[in-house]
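Peer 1: Residue numbering for the sequence shown follows this note's numbering, beginning at 1057 and increasing consecutively.
Read the hints as simulated data drawn from the structure, not as lab findings.
Note that CB positions come from ideal geometry on N, CA and C, so glycine has one too.
Careful, some of the hints might be misleading.
[Said to hold, decoys possible] No farther apart than 20 Å at their CA atoms in a straight line, the calculated lysine to aspartate or glutamate pairs in the DMTMM-like style are these:
hint, residue 1, residue 2
1, Lys1229, Asp1252
2, Lys1358, Asp1325
3, Lys1358, Glu1254
4, Lys1358, Asp1328
[What the hints assert, rightly or not] Simulated restraints on C-beta separations:
hint, residue 1, residue 2, range
5, Gln1399, Phe1136, 40 to 50 Å
6, Pro1082, Pro1321, 34 to 44 Å
7, Glu1406, Met1174, 50 to 60 Å
8, Gln1184, Val1353, 49 to 59 Å
9, Asp1080, Lys1358, 35 to 45 Å
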Amino acid sequence: MSIEINHISKAFGATKVLHDISLDIPSGQMVALLGPSGSGKTTLLRIIAGLESLTRGGLSFHGNDVTRLHARERHVGFVFQHYALFRHMTVFDNIAFGLTVMPRRTRPGATVIRQKVMQLLDMVQLSQLANRYPAQLSGGQKQRVALARALAVEPQILLLDEPFGALDAQVRKELRRWLRQLHEELKFTSVFVTHDQEEAMEVADSVVVMSHGHIEQTGTPQEVWSEPATRFVLEFLGEVNRFDGLVRGSQFSVGGQHWPLGYTPDWQDRVDLFLRPWEVDVSRQNTPDTPLPARVVEVSPKGHFWQLQLQPQGWHADPFSVIFDGSQLAPLRGETFYVGMKQARVYHDETPLRQVAFAQSA
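Could you build all of it, start to finish, from the sequences and the hints given here?
Peer 2: Quick look at the structure:
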């Protein structure tokens, strides 16, 4: 079941929270709405569910306009962050609830309901807990029950609002893998809201990055990570170092060091240079490729590599992060390293100059 979002806007009084949002979600895809608090991602999810009205625009499921349909008429399953399980009901009855309140003419019989609930319990690996109450379950088990309950009515679309946000890190990892496997098996269309970048990258087929009610970029996890469309996406995803720079002619300078750009950009003035920690060349020797001195202020062992915080020595004010090969001699606090720039992205305000690789000028 595909979802077509057509120029949707939403305002609460004078406050606009969604601005002309358009998005097509193919049938069977799992899509992450990723963004910081206040980006509009949960509001958009609630509009898809029918739990929130829209101010302008339209919404279709598989080409059929559902803009004015009530939530119960949309055949959408919804999983909340805090489970929303009925405390006085057993696990079995929680999962069966949606089936038991269906209109009489479409409601399955008791035998069919029992068979379906037991199948779902087996699918979410909780068959042995059918007679327990929510208070007797762990957080991860509660979320599996909530997901089984949403799937019981065979929704055309499954929506999840930060489904793993209330769980500890290890349980989140396990449930992410489990949800992805479940999606591969059932092939339902799913949209989930998250502010957890790792979760979005691991689970989703497509990631929609949102900010201040706008879509900044839509693409595969690899595309939004390696080819950020805007400065916001670049700075929001993962860790990135920023340096002040200056463009003059076909040269770029940072901290008194000049580098050839390989081209002459239209913009000739101050710029911002961005590099991921692993994009910075690091060496113990001052070489043409690594000419900028920096002192080690923090050392974090990460197994096969070290993550270092370096304080520039006379060429930049703020410390920055780099990755250092774990096969080399362990770095020490206070030691001097030398760095160079590689695969840098250069921006003038919000406008990117083209991506280049820098080499030190003669």
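Peer 1: Each hint needs a verdict: does it hold in this structure or not?
Peer 2: Results of checking the hints against the structure:
1. Lys1229 / Asp1252: holds (11 Å)
2. Lys1358 / Asp1325: violated (38 Å)
3. Lys1358 / Glu1254: With a Cα-Cα distance of about 17 Å, the restraint between Lys1358 and Glu1254 holds, given a limit of 20 Å.
4. Lys1358 / Asp1328: violated (29 Å)
5. Gln1399 / Phe1136: 40 to 50 Å: holds (41 Å)
6. Pro1082 / Pro1321: 34 to 44 Å: holds (38 Å)
7. Glu1406 / Met1174: 50 to 60 Å: holds (55 Å)
8. Gln1184 / Val1353: 49 to 59 Å: Given a distance of about 52 Å, which is inside 49 to 59 Å, the answer is holds.
9. Asp1080 / Lys1358: 35 to 45 Å: holds (39 Å)
Going through the hint list in order, the structure does not satisfy hints 2 and 4.
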